[in-house]
Amino acid sequence: MANIDAFGHVTGTSIYVDDIPVMQGTLFIKVFDAPVAHGVIEALDYSEAEEMEGVVKVFSYKDIPGENQIGGIIADEPLLAEKEVHFWGQPILLVVAENEIAAEEALHKIHISIKELPVITDPKEAFLKGKFLHNSRTFESGNTENAFREARYIFEGSADSGGQEHLYLETQGAYAYPMEHGSIKIHSSTQGPTQVQRTVAKVLGIGMNKVEVDVARLGGGFGGKEDQASPWAAMTALVSWVLKKPAKCVLHRMEDMRMTGKRHPYRSDYKIGLDKDFNIIAYEATFFQNGGAAADLSPAVMERTLFHATNSYQIPHVKVQAHGCKTNLPPNTAFRGFGGPQGMFVIESAIDHAAQKLKVSRESIQARNLMENGYQFPYGQIVEGCEARTCWEELNAKYPIEGIRKDILTFNENHAFLKKGMALMPVCFGISFTNTMMNHSRALVHVYSDGTVGVSTGAVEMGQGVNTKMLQIAAQEFGLDASQIKLETTNTTRVANTSPSAASATSDLNGKALLDACSQIKARLKNMLWVKNDLEAGAEVRFEGGKVWMEGMEEPAIWIDVVLDALARRINLSAKGHYATPKIHFDKIKEKGHPFAYHVYGTALTTVTVDCIRGTYELEAVHIVHDFGTSMNRLVDLGQIEGGLVQGIGWMTMEEVAYNNKGRLLSNALSTYKIPDIYSVPKEINTHFLPTDNNNMAIYKSKAVGEPPLMYGIGAFFAIAEAIRAFNPDAPLHLPYCAPMTPEKVLMALYGE
Amino acid sequence: MISFILNNQVVKTGLPSGSTLLDFVRYEKQLVGTKIGCREGDCGACNVLVGTLVGEEITYQTMTSCLTPLSNVHAKHVLTVEGINLSNRQLSPVQELMIVNNGTQCGFCTIGFVMSLTGVVLSKENPTYANVIKAIDGNICRCTGYKSIERAAKGLCETLAERPAKKPLSWLVEQGFVPDYLQNIPAKLQSLQQKLNQDSTFNDNGQKTDFFIGGGTDLMVQKPAIIRTSSTTNFLDDTQLKGIHIEGNLCRVGASTTVTEFEDSPEIQKMFPDLSKYLKLVSSTPIRNMATMGGNIINASPIGDMTIFFLALNSQVILKDALTQNSRTLPLKDLFLDYKKLDKTDTEYIESLQFEVPDNATYFNFEKVSKRTHLDIASVNSACQLKVAKDGAILQAHISAGGVAAIPKYLDKSSAFLKGKKMDDATWKTFSEVLDSEVSPISDARGSAAYKRLLLRQLVLAHFVEFKLNHWLAF
Ligand SMILES: Cc1cc2nc3c(=O)[nH]c(=O)nc-3n(C[C@H](O)[C@H](O)[C@H](O)COP(=O)(O)OP(=O)(O)OC[C@H]3O[C@@H](n4cnc5c(N)ncnc54)[C@H](O)[C@@H]3O)c2cc1C
Ligand code: FES
Ligand code: FES
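Note that the protein sequences, when read in sequence, are chains A and B. Take the first sequence: its position 495, counting from 1, is numbered 495 in the numbering used here, and each next residue is one higher. Take the second sequence: its position 131, counting from 1, is numbered 1131 in the numbering used here, and each next residue is one higher.
Heads up, a few of these hints could be off.
Chain B regions said to be covered by chain A (calculated; three or more residues, Cβ under 8 Å) [as the list claims (entries may be wrong)]:
id, region
1, 1040–1049
2, 1376–1386
3, 1458–1465
These aren't lab readings, by the way, just hints derived from the structure by calculation. Quick caveat: nothing in here was measured; it's all calculated off a predicted structure. All C-beta atoms in this analysis are idealised placements derived from N, C-alpha and C, irrespective of residue type, glycine included.
Generate coordinates for the entire structure from the input sequences, incorporating the hints supplied.
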């Protein structure tokens, strides 16, 4: 089934925040942000700006009636800077005007003087200077010290990965207006409506019940609108609240890139130990997370780095440690994979390092060390329903690895200036919010008197197709045609206290709550039918194709008759469903537990060609075998694989977030920050569905698919590295493990000493 | 006063002629199907189709409405998605293909793709797969990874295979590709143009304006706040600045020739058999549809692709003074004095460029490397033209390079060095030293100075590889 929003998308009738017709009197907000990365505000004069034609008011932190605080996990981030600024682009003032142009022009009339303080952009430097955002953590299993003593081979090195701009095509934005009884309504492009609601209530100093947040859909999120949609919503709410007028704020692309955080860059050190048969027996890593100037979601992101530090490998002795370092960059935040990719890049680098030194192929070490059922992750969960090896073997059956390797060798022998390379990338990714208390959800279902159904959940549609899956669930449960079901906007007055749409878990959590709501209504209808027809309680009743079956026999009464009958008997045809993921738990003191409902597995094989004259590369093919469980929507799931993979490839190849040493973003527009275009994606992407019928905790056994495929992209880095080595074996034995692999790095490596 | 047909309606506006078409359709006409992704021409979310009357028919081109000043759509037809939607919730094959292939996820980029693909539908180009993909090379999607869109594109090639060469529009209407009112647009536009010609108050001609504007793809990015409140003179459609003429052994290219027009010219194609390969590396289809040669040169960016191209042709530039109407000709390489400083007065504009038509003994090549191969600004680019004797000796050389100096650079010393030489290992060694001595790249977002030096050497090497001269390199 195609995405239910697709009709609106192709006809231009889907509504995003900036498309909502503006009400008369709407005010427009422009943000005045810090022009340096660190400093003390010594003087700030906006009187001239406030007097300009069309300007209504300039807001500073002093105009905030509640708390000037938007930190989600840790309260360390003001909405508007007070005395100090901590990153370039930090909001300081809001210029409010009758139109956007007037607001923009007034920005130039604000005079600020800042005493600059030292700027840190490198997490290792922050670490050495003792600048932390939150507590360091260590996951440990076995005894690495002893194991390294026994290891035949030990390799140590470092691996760094860069940031990544989300580049949701729709920039951040919100539109707020006052409602009766001292309340306010906000349309926000957010993955976390409850988070927005909570933040706004805090900033305005009012109850959450007075803040209604409504989300129709997002033009992309990817984690960038999980926590970081809140400030803009809070700004519109603030202005609207104080001036009693509708207020709108939609960021320009360059403002968005400058003011918002990105995927965390990491610097990391690793040490890997293998026995004589190349079994990995010990692994240690230290991660220095570049958190930016405030905690945002960094503690949770860092945690996932530790959870996924060993990727799909069965390693008995592990010690991994992570530090959340405070720097003067915009607070870095959630991005698809949520710290997992950064952790996996390091172990893949360590394996590559070992393979180079041992003169064996990377994949021989990878294959040998894939995990099996019964292995205990360093964080205590026992591996069940493991598909790591099945995916690998299925891939090998379809695309014989040795054969491809041979072809590449032959090609490379016959071409002086074109070299090919390949890499395998297994992925194992845990599904659930690692913060156990967030794994719950609700859904609200109404069956109307004409038999049609309205569904509200806490899920936010951002292109991932969650609403399509929700609709499928309701249609399936009531046995109705899709046209009979409507998915409502996500609204905090209908579904409250929600977790953000994130962690790949949105369909599972909301789908199961929806299932619960549908089941409640069905149970009431069944009960009515049993009583009415003198049947035993528990007799089979089925709703299918708009019809009703009892004990295997089709009834003359169809769905609408049953609905009307129920209403006549004053039966409640609305239900609120609830779900809380069972079984999961995690002890943050012991750093042990069972944090994930289940894991998702897969393997990708990437081949590339490097032009060794120009230092450019092309991705030839990516073949994937992925564990979908029993996919409930192959079209949507395939889209997640392809889109995730290409995002991962972008992160590993051309997407380079660059700051200068003063903390100013250099890659500040689409002209200087490049994401994959249609010509740069792999010529072929072949995705194979590994059907696994294991009992899992996914909705309809259809496993979560949002984040895992991003990490297949890591293969691109190692495939390119391999091709470079084929041209220049005299280059340092291993290239620095430093992503992204831009054409610049390629050319320098091809001709470097 | 600007007037044009927007979808099925004649519109007039007193807004400054430099304000953008994007803001006009979204915020004046509430046609919010057209999206804003970047306002810099780099994403295609704002793509619309702009139709120009050519004889009895209308030629449509994709343009990024965020960089299109209203002056550039005066007396034309503009199509937004609202204007191609059919009635009764019917979908066009383009829209249908995007849905069934799941070519849309969050939907924010989708309208841009739909418009670009509809541009293919309405164009005369052969609907080959390569051409269809080329039509969407300026559309960025962050969600899909493009594969589903490629599948939709394949489907479109198949559906369009039946499109007749004669009277395609009535067939397209029959097949539900576009609404039927499109058939009335040529007549409607003709009458609008007649009216506009009679009523000179509708016309900016003859009045002094704040800016000359070609395609706007540079100016609208550099100075958006100023231009949106200014008046602009549309150079893009000035017929006197258009056209490619060959007289004897001289080829003259009008300053307002767009990159697309240059690429489509049979004469130019004949001179440069690999032309489309080179121009594929320059911006994207909608930008090429707008970007002019004059704009590229006046932009004076050190990495301007067309400037580098013309420098290696040893071109001359013909400047005309708008006040005095005096003309002068000077070598293009002498126009660039320093970073963004030109040997040109404020009232002078470029009328045309001219260069010698290459003969059979002439080799030409253009190279460009950027972080992303397509739709990106070069880290370094270079062009090279050689005249070579039968024995492989170089009779004459012109080499240019961008990204290695404050100006788009004609490499005097390197060009002079090659004259009379045959390329071999020893020559290459000294030559690359000469090359290195006359450039001074700086480190910036497009690469470090060391990288740019190395890259220039490699790109010049690539010229020789492409020329396959006297088997100097064993490939
Ligand atoms: C997304 C994007 C991608 C791009 N990619 C590339 C690329 O790959 N390679 C590249 O080289 N460039 C690229 N550019 C830059 C730009 O497209 C080119 O420089 C283009 O040729 C500019 O032409 P224009 O007609 O649009 O210029 P305009 O913006 O209209 O004008 C530029 C300047 O020239 C002046 N001008 C225009 N015509 C004349 C004339 N005849 N006489 C005197 N002055 C004149 C204008 O007044 C203005 O000052 C890109 C731009 C964008 C937005
Ligand atoms: S908005 Fe991105 S190209 Fe116009
Ligand atoms: S579908 Fe979201 S950007 Fe293309």
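Open item on the list: Taking the earlier hints as the rules, which of them does this structure contradict?
Closed with: As far as the earlier hints go, not one is violated by this structure.
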